[in-house]
Amino acid sequence: MKCRKCGEKASVNMRQHKLALCKEHYLEWVPEQTERFIEKYEMFSHDEKILVAVSGGKDSLSLWDILIRLGYQADGLYIGLGIDAGINYSGESHRLADEFANEHNLKLHVVDIEKEYGQPIPVLSEISRRGHGKPCAVCGLTKRHVMNRIARDLGYDVLATGHNLDDEAAVLFGNTLSWSGDYLLRQGPVLPSADGLARKVKPLCRFYEREMTAYALLRGIEYIYEECPFAEGSTSIYYKEILNQLENDRPGAKLTFYLRFLEARQSGLFAERNDSTLHLHPCTNCGQPTSAPGLCSFCRMIEKVADKESIVSNL
Amino acid sequence: MARQGVSLVKLILRNKEFEVKPGMTLLSSLQKVNVLPESIIATRNGEMILEDEILKDGDVVKLIAVISGG
Ligand SMILES: [Zn+2]
Ligand SMILES: [Zn+2]
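Chains A and B supply the protein sequences, listed in that same order. Residue 1 is where the first sequence starts when you use our numbering, and the numbers rise one by one after that. Residue 1 is where the second sequence starts when you use our numbering, and the numbers rise one by one after that.
Just so you know, these hints were derived from the structure itself, not from any lab. Errors might be hidden in some of the hints.
Some but not every residue of chain B turned toward chain A, in silico, with C-beta under 10 Å [to be verified]:
| # | residue |
| --- | --- |
| 1 | R14 |
| 2 | V33 |
| 3 | P37 |
| 4 | I54 |
Since the structure is predicted, the reported quantities are computational estimates derived from the model, not experimental observations. By construction, the Cβ of each residue, glycine as well, lies at the ideal position given by its N, Cα and C atoms.
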């Protein structure tokens, strides 16, 4: 297969775009496309301060790389989850995030969950008994809380995450199977700022996961290849496999599924409810918006953990 | 071109190894071992190769999984 731009041997073939590119032209094409999406969905401008959530994985490191190449002001945030599982998962991903920041002379904020909240994610999950034996629910809740807090406290305008199209399509697939209207209403490339929370954006949401892997490999970005040990057998991976099966038989199916959803919603498929049942209040402890009066779910979780620990230490 | 001994192409995906006959395209080789092309990137000697690439005797193809959780 030949590169459409120069006729040299192609390195990447994107069947859904009927486009094959060589290494050089692929590494040009991805940032160009990203810039297009940033503008199309009005994600942010060159004057705004961006905080990139960096996990050490291919997507977030590539996102950081691309934003810097495009000349945006982007700092990183690494959240140390304290997941070891015999492969030093968190330690290794922290090292890779650090290395990337140092090599490119970028600022990386680091929040260590155990240092700040007393326990690493697996223990918080176990003590609080949220999430049916898997720490993924507590992990997601904690990451959202910390990202919001750091963005607010340090004055960032925008919070950018590395979600790719496969991530988004898998979430959409799950929410569609259960017709989760409230989630379908909010899922998209941009979540506007509200109630003191920074705007959230997903600049990679139209790239396939395969394309982001190709970008990281061709750019020579060292990323954590090991899967988070807790993600193994997760529903999101299962949905991704199903969607890839579909994509294999019908190139472009994943992309169409996501883009048509965005279009359908824009034309009113999922209307916002008129009644004001969804009133948000600031959490009495941390100030982040929550639907229930009193503490937000993150602070309730931490409180529960603290209660149980004091019971244990008083025994 | 008949030759003695085993002539094979090796495909490696994480801790799994597959062997296929040389002379097929990457796409046919992946189908043979039941790996979805959409879920991997194939590299040979550190270079990415595409589905129409013919795999030769002695080739070692590293398949990089692209799916991650989260
Ligand atoms: Zn080219
Ligand atoms: Zn709170």
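Does V33 (chain B) pass the interface check with chain A, least Cβ-Cβ distance below 10 Å? violated (15 Å)
Less than 10 Å between beta-carbons is the criterion; does R14 (chain B) satisfy it with respect to chain A? holds (9 Å)
Hint validity - I54 (chain B) Cβ closer than 10 Å to any chain A Cβ: Because about 12 Å separates I54 (chain B) from the closest Cβ in chain A, which is outside the 10 Å limit, the hint is violated.
Given a cut of 10 Å on the nearest C-beta pair, is the interface hint for P37 (chain B) held or broken against chain A? This hint holds: P37 (chain B) lies near chain A, its Cβ roughly 7 Å from the closest one there, short of 10 Å.
When the structure is compared with the earlier hints, violations turn up for hints 2 and 4 and for no others.
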